[in-house]
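**Q** Using the sequences and the accompanying hints, generate a full structural model.
If you want our numbering, it's the position in the sequence shown, counting the first as 1, plus 733.
Because the hints were derived from the structure by calculation, they are not lab data. The beta-carbon is built from N, C-alpha and C at its ideal position, and this holds for glycine as well. Check each hint, because a few of them may be wrong.
Derived CB-CB ranges, DEER-like [stated by the list, open to error]:
hint: 1; residue 1: T774; residue 2: G794; range: 34 to 40 Å
hint: 2; residue 1: S786; residue 2: F810; range: 28 to 34 Å
hint: 3; residue 1: D811; residue 2: E791; range: 35 to 41 Å
hint: 4; residue 1: G764; residue 2: D811; range: 27 to 33 Å
hint: 5; residue 1: A757; residue 2: R804; range: 17 to 23 Å
hint: 6; residue 1: F790; residue 2: D811; range: 33 to 39 Å
hint: 7; residue 1: N773; residue 2: D795; range: 29 to 35 Å
hint: 8; residue 1: T808; residue 2: G764; range: 29 to 35 Å
hint: 9; residue 1: S783; residue 2: E762; range: 15 to 21 Å
hint: 10; residue 1: S741; residue 2: F810; range: 27 to 33 Å
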Amino acid sequence: MDTSSHGSYTAKLIDGPLEGKTVATAFLESGDPRPRLELNTDAGKHYVYSRSSGLEFETPGDSRPSAVDYRFIETVFD
734 MDTSSHGSYT AKLIDGPLEG KTVATAFLES GDPRPRLELN TDAGKHYVYS
784 RSSGLEFETP GDSRPSAVDY RFIETVFD
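**A** Pasting the structure below:
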């Protein structure tokens, strides 16, 4: 995933099997945070997380958040 042209932010996983973990994630081409994340594991499954309402900004007035909360949706077995 190329994060150089659109920047990146920290996805904060606030519940589920990866609760408390963070992941660097690229913004969409529109500049918006991703509505959904699919995180692969090495055990033949991946976790699906959906964007929550929590946003953090590096400094007041920033147009894009530096961190976004994500909630666990499901585990998908490959």
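**Q** Confirm or reject each hint.
**A** So, going through the hints one by one against the coordinates:
no.: 1; hint: T774 / G794: 34 to 40 Å; in the structure: holds, 38 Å
no.: 2; hint: S786 / F810: 28 to 34 Å; in the structure: holds, 29 Å
no.: 3; hint: D811 / E791: 35 to 41 Å; in the structure: holds, 36 Å
no.: 4; hint: G764 / D811: 27 to 33 Å; in the structure: holds, 32 Å
no.: 5; hint: A757 / R804: 17 to 23 Å; in the structure: holds, 19 Å
no.: 6; hint: F790 / D811: 33 to 39 Å; in the structure: holds, 36 Å
no.: 7; hint: N773 / D795: 29 to 35 Å; in the structure: holds, 30 Å
no.: 8; hint: T808 / G764: 29 to 35 Å; in the structure: holds, 30 Å
no.: 9; hint: S783 / E762: 15 to 21 Å; in the structure: holds, 20 Å
no.: 10; hint: S741 / F810: 27 to 33 Å; in the structure: holds, 29 Å
Going down the numbered hints, you'll see the structure goes against none, and every one checks out.
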